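Make the full structure from the sequences, and use the hints.
Number of protein chains: 2
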Amino acid sequence: MEKYKLGDKVFDCPVGLASNAINGKWKLQILNLLSQEECMRYGNLKRRIEDVSEKMLIQHLRELEQDGLIERKLYPEVPPRVEYALTEVGRQIIPVIVALKQWGQLFRI
Amino acid sequence: MEKYKLGDKVFDCPVGLASNAINGKWKLQILNLLSQEECMRYGNLKRRIEDVSEKMLIQHLRELEQDGLIERKLYPEVPPRVEYALTEVGRQIIPVIVALKQWGQLFRI
DNA sequence: TTCGGTACTTACTTTTTAGTAAAAATTGTT
DNA sequence: AACAATTTTTACTAAAAAGTAAGTACCGAA
Numbered sequence: 001m002e003k004y005k006l007g008d009k010v011f012d013c014p015v016g017l018a019s020n021a022i023n024g025k026w027k028l029q030i031l032n033l034l035s036q037e038e039c040m041r042y043g044n045l046k047r048r049i050e051d052v053s054e055k056m057l058i059q060h061l062r063e064l065e066q067d068g069l070i071e072r073k074l075y076p077e078v079p080p081r082v083e084y085a086l087t088e089v090g091r092q093i094i095p096v097i098v099a100l101k102q103w104g105q106l107f108r109i
Numbered sequence: 001m002e003k004y005k006l007g008d009k010v011f012d013c014p015v016g017l018a019s020n021a022i023n024g025k026w027k028l029q030i031l032n033l034l035s036q037e038e039c040m041r042y043g044n045l046k047r048r049i050e051d052v053s054e055k056m057l058i059q060h061l062r063e064l065e066q067d068g069l070i071e072r073k074l075y076p077e078v079p080p081r082v083e084y085a086l087t088e089v090g091r092q093i094i095p096v097i098v099a100l101k102q103w104g105q106l107f108r109i
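Which chain is which? The protein sequence lines are A and B, in order. Taken in order, the first sequence gives residues 1 to 109; the numbers are from full-length UniProt numbering. Taken in order, the second sequence gives residues 1 to 109; the numbers are from full-length UniProt numbering.
Honestly, the hints are just simulated from the structure, not real lab data. As the structure is a prediction and not an experimental result, all values here were calculated from the model. A couple of the hints might just be wrong.
Identical chains blur together in the list; that is why a pair holds if it fits in one copy or across any two.
Stated by the list, open to error - Calculated pairs, DMTMM-like style, for lysine to aspartate or glutamate (alpha carbon to alpha carbon, straight line, at most 20 Å): (1) 55 / 38; (2) 25 / 67; (3) 5 / 50; (4) 101 / 67; (5) 46 / 63; (6) 25 / 63.
Following this line, the structure appears as C-alpha cells:
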C-alpha cells in the first residue's frame, strides 16, 4: 500500500498528510499572506493576522518551517530582521489557498 | 470592511472562514470520500477512514452538517440506514480537496 | 426471548492547543 | 547608563479536541 511521509509522520493517504500539515488555527492565513507577498517579516505577519498571539504565530511558523513549507531568513542586524517566505513545496500549495479563498467568498455578507 | 459568515461565526477574511470549516482531524478525509462517491453510509465511512473513532466521526459529521457542507438522509428502516452526501456548497469545495490531494502526493514514498 | 445489524450516545480521562503576560537578547543611539 | 526596536522565549493557566470503552435504540427473525 502506498504511503506518504512528512518529517517523521507517515500517512496512508495524501489528504491525510495535507490535512495534518495545514491543520492549525492560523496556518492557512499565514500561507495565504506569504503567497501574496514574496516574503514577510515576523512583525508584519503579526500585524496582518488580527488576534493571533505572538506565541501562536511563532509556533505555527516553526511548524510550517519544520514541515518544509516556509523558510526563515535571519539577517544579522540590530534590531534583528527575520523574513519568512514560501519554499518550493510551499508554493505548490498555493492552488489550495486560492481554491479555499474562492470557496470562503461564498459566505460574504 | 467585508465580513464572512458561517452559521453564527463571523470572520474578517474568507480564508479564516474556510480554515475554520475544514479544521478537524478527519474533516478533509470525510469530504474527500464524499466527493468521490455521491453518498456514503455511516458504517462505510467508518470503515474507509482508518483509525477514526465512532465518537469523532459522528462529531465531525454533525459539524459538517451544521456548516452546510454535507447532508444527512435517514431512511426509516430496520436496521437503520443513514446516508451522507455533499450539499451544493459542499460540492463547491471539491477543487480544494483535489488541489490538496495533488499536493499531498508530492510526499509519496 | 434473545440475537443481529446499524447508527449512534454517554461518561470519563488524557492530550493537545490556545491564551496571557512578562522577560530576554542584541547593540547602536541618546 | 538607560532606551529603542524587533523577534522571540518562558512559565503558567484555561479551554478545546481527541481517545476509550461501554451503553442505547430499533425491530424483525430465529
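Hint by hint, here is what the structure shows:
1. Taking the shortest Cα distances, residue 55 and residue 38 never come within 20 Å of each other, neither inside one copy (23 Å) nor across copies (42 Å).
2. Taking identical chains as interchangeable, the C-alpha atoms of residue 25 and residue 67 lie at most 20 Å apart whether they share a chain (16 Å) or sit on different chains (17 Å).
3. In this assembly of identical chains, the alpha carbons of residue 5 and residue 50 lie at most 20 Å apart only when taken from different copies (17 Å versus 32 Å within one copy).
4. When the C-alpha separation of residue 101 and residue 67 is checked against a cutoff of 20 Å, the pair qualifies only between copies, where the shortest distance is 16 Å, while the shortest distance within a copy is 22 Å.
5. When the C-alpha separation of residue 46 and residue 63 is checked against a cutoff of 20 Å, the pair qualifies only within one copy, where the shortest distance is 16 Å, while the shortest distance between copies is 30 Å.
6. Taking CA atoms no more than 20 Å apart as the test, residue 25 paired with residue 63 passes in both settings, with 12 Å inside one copy and 17 Å between copies.
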